[in-house]
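Chemist: Residue-level listing of the chains:
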Amino acid sequence: MNLPQFLARRTLQAVPLVFAIIVMVFGLVRLTGDPAKVVLGDNATPEAVQELRQEWGLDDPLVVQFGRYLGDVLTGDLGTSLRYSRPVSSMIVERVGASLLLVTSSVLLSIAIAVPLGVLAAVRWRRPEDVVIRLAVVVGQAVPRFYLGILLLLLFGLELRWLPTSGYGSAAHLVMPAVTLATPTIALLARLTRSSVLEVLHADYVRTARSKGLRERSVLLRHVLRNAMMAPVTMLAIQAAQLVGGAVIVEEVFGWPGLGRLAMTAIYSRDFPVIQGIVLVFCLLVIVTNILVDLSYAFINPQVRYS
Amino acid sequence: MANTVASDRSSSPETDRMSRRNVLARGAVIGLAAPGVAILGRSGTSARQDDGSDQTLTIAHNVDPATFNPYLTTAAAEESAILPIVEKLAVFDGETMDVLPWLAESWEYLDPTTIQLKLRPGVTFSNGEPLNAAAAKWGFEEWMAQPVMAQASASLKGSTFEAVDETTLVIRTAKPVPSFPTIIGRYGYMLPPAYYAEVGAEGFSSAPIGTGPFVLDRHEPDSQIVYTRNPNYWRGPHTFQTVVFRIMPEEVSRAAAAETGEVDIAYYLSHSMVKRLETTDNVTVHTTPGLRKFIAGFNAEMEGGDPLLDPRVRVALNQAVDVDGIIEFVYEGQAEKLNGQYALPAEFGYNDQVPAYTFDPEAAKKLIADAGYPEGFKITYAYTLGRYPKDREVGEIIATYLQEIGLEVEQKPLEWGEFDSQRTERTLGQVFQVGLLHAPDLEYSFTYMAFGKEARGAPLLTWSEEWWELYNQSMVEVDPDKRLALYHRMLEIDHEEPFGIYLFAPYDYYATTNRITGFVARKDQFIFLYDVGLATDA
Chain A
1 MNLPQFLARR TLQAVPLVFA IIVMVFGLVR LTGDPAKVVL GDNATPEAVQ ELRQEWGLDD
61 PLVVQFGRYL GDVLTGDLGT SLRYSRPVSS MIVERVGASL LLVTSSVLLS IAIAVPLGVL
121 AAVRWRRPED VVIRLAVVVG QAVPRFYLGI LLLLLFGLEL RWLPTSGYGS AAHLVMPAVT
181 LATPTIALLA RLTRSSVLEV LHADYVRTAR SKGLRERSVL LRHVLRNAMM APVTMLAIQA
241 AQLVGGAVIV EEVFGWPGLG RLAMTAIYSR DFPVIQGIVL VFCLLVIVTN ILVDLSYAFI
301 NPQVRYS
Chain B
1001 MANTVASDRS SSPETDRMSR RNVLARGAVI GLAAPGVAIL GRSGTSARQD DGSDQTLTIA
1061 HNVDPATFNP YLTTAAAEES AILPIVEKLA VFDGETMDVL PWLAESWEYL DPTTIQLKLR
1121 PGVTFSNGEP LNAAAAKWGF EEWMAQPVMA QASASLKGST FEAVDETTLV IRTAKPVPSF
1181 PTIIGRYGYM LPPAYYAEVG AEGFSSAPIG TGPFVLDRHE PDSQIVYTRN PNYWRGPHTF
1241 QTVVFRIMPE EVSRAAAAET GEVDIAYYLS HSMVKRLETT DNVTVHTTPG LRKFIAGFNA
1301 EMEGGDPLLD PRVRVALNQA VDVDGIIEFV YEGQAEKLNG QYALPAEFGY NDQVPAYTFD
1361 PEAAKKLIAD AGYPEGFKIT YAYTLGRYPK DREVGEIIAT YLQEIGLEVE QKPLEWGEFD
1421 SQRTERTLGQ VFQVGLLHAP DLEYSFTYMA FGKEARGAPL LTWSEEWWEL YNQSMVEVDP
1481 DKRLALYHRM LEIDHEEPFG IYLFAPYDYY ATTNRITGFV ARKDQFIFLY DVGLATDA
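Line by line, the protein sequences give chains A and B. Taking my numbering, I'd label the letters of the first sequence as residues 1 to 307. Taking my numbering, I'd label the letters of the second sequence as residues 1001 to 1538.
Check the hints yourself; a few may be wrong.
Stated by the list, open to error - Here are a few chain B residues that face chain A, going by a calculated C-beta distance under 8 Å:
(1) A1066
(2) S1205
(3) R1246
(4) E1262
(5) G1533
No lab work stands behind these hints: they were computed from the structure. Cβ atoms here follow ideal geometry from the backbone N, Cα and C, with glycine treated the same way.
Starting from the given sequences, assemble the full structure and let the hints guide the process.
Modeler: Below, the structure written as structure tokens:
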């Protein structure tokens, strides 16, 4: 199977998944309350609420509403925000860049920190370096992102004043949100890298490479690391969903104007079209990430074939 | 994922591998770098940092407004972002909540159903349109036509508006509207009619024009709002050339930004957050008892609510709860107790002769026994989770107090959406805890209760015939003294026959850096920048 065929097959496989998610989100958001009442507030008359529900088509049977929504989505129309009265697609376009920047920075940061740490821990197995890294990994995995974000903010924003406490627009603004989002992923990735490298270190071909007289660095980089990376890369794909979800909290803490912030506001105001649109975009992002990771297997190990 | 790839050691020419690898690597680099370059390449977000000038005022705000059209929102936090641009006919004094003239120079009842409004002459909108009586007439009519303003404008329903001359508007109401000054102080925004007709309600939402000291420069959603000075402002140009509202939903960030000097004003903080700021040299903490009143409302119409029909039971429930204790231990003393009435001293109508209930569980037990329930009764206590600060803690404590006088309390802690749905569907239960922010005239509190009977399913109402009679009189009494007397009597009845457990109004907190002067912590939670300036030694 060549690359286009592989991509086509993976895209087709994603269709039922996307459909299932659309159905679920469409149904679930409607259990959370009446957006007409949220928009009109406590001061609205029942007549006004009813009028707005009719205007938004919320009085129609669910099946009719879903059919209308699905038809719109298929033509690229994600609807109009009930709260902002603006097209959902343009609101998402405005913010998706900030979210992508945050998530991709976190992924890069995770790889840059976790892989060397994992390798070091494996190479220095049961030595002080390994113990310290394992301890740090446990802490990194245990600390909730919300709490970590506040701690970083208080330390680097308030006490040391090295970084702005909140906001967006410069590299300095990106540091704390990216570190906060990446930390649990760094911990998980480092742990997995450590165990994978440990496993490969004892493989026959590594012993052979060493017996050929290769320097330890070459053995590690050429033979051990490349073979040990399949599991961590797979884990990164799974973590993509976690990162996207985590971004919702991190964006709220640091005032980062991404999709997560929009999602939070939309949830509070029962802005159904926006919630549905964002979940759809998140879903697509995760699917695309998974496909990219599949492709990356071949990059890591050229002997991997698409099938 | 494992089923999508497989190892094939037999083929894959080196050239193909390299080509594919290069493509993937380039794609990854472009994909990852593009948004970064695009976004980080933009100009800085802080106008203060941009020009390094003291002429920029930076405010940490908690909410990104969904609209800049004041006819489409009643949320104080959103309106605070509109107020630099759009002004009202009248304003409330931030501390006393007295109604003061603003774009209107004066108002007068020519007779009980005729009000004459005189506009300040010579005021223009920032686009050059004049603020005249015709614009005010259009403004009232447009505002009243909005569904979201249905209750706010209910008392003006059926009114006619006549622009007598350039600055005089005569309003003929279908019945006397004693709260007219409160209405224009709370909702009397003036918008330019010609521009509004051109852009429409939605267009105005993103490109507002007003008579205010600033004009909108740009709104970066969920990031910041930048305003620049209106050079032709009728009160003279404002001290600050630029105002920036930075949208910071996290309270810790707002407090930290004030401490580091990143912002000049941090909006809406909690007591726990300002403890540190109070000891910070360059920061001043401002506090005021807010107007959001917390009450555990009674709903005798619910199944099992019969005991609540007896006023003795309702008084007993007030005696059973140690409101002072809750204020002391949950709010660390930072809330104002509702003294035996659903009213605060800052509200028009407050009765300082009505005493607070005394916390007395034994007396409460006796009253309940006297009412015919010596073994207590079963009751449902519903409260919100996270809708208001510390609502869960307060709900749990009050439920415990009620258990201690022998009631069997079923707690219903609910997320707001579910709470609101059950309220409408009349399934919420006999007692429910809410925090309500009304305009500072008791008419709004009373109307909410009366209105709630029909609209909200779970009524906050009194069962006294006399109360309803007084309410109807107060709604048409334009003499302030007579209306005050009516309110006082209504509050006495509400004390003898309470319609809820009257709780407290938590304090609101704001922080400013010491280079700022003229900031007032307002009871209504609005941000007024009109008199905010720079300290002379800043």
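Chemist: Each hint: holds or not?
Modeler: Verification of the hints:
1. A1066: This interface hint holds because 5 Å falls under the 8 Å limit.
2. S1205: holds, 7 Å
3. R1246: holds, 6 Å
4. E1262: Interface hint status for E1262 of chain B: holds (6 Å vs cutoff 8 Å).
5. G1533: violated, 25 Å
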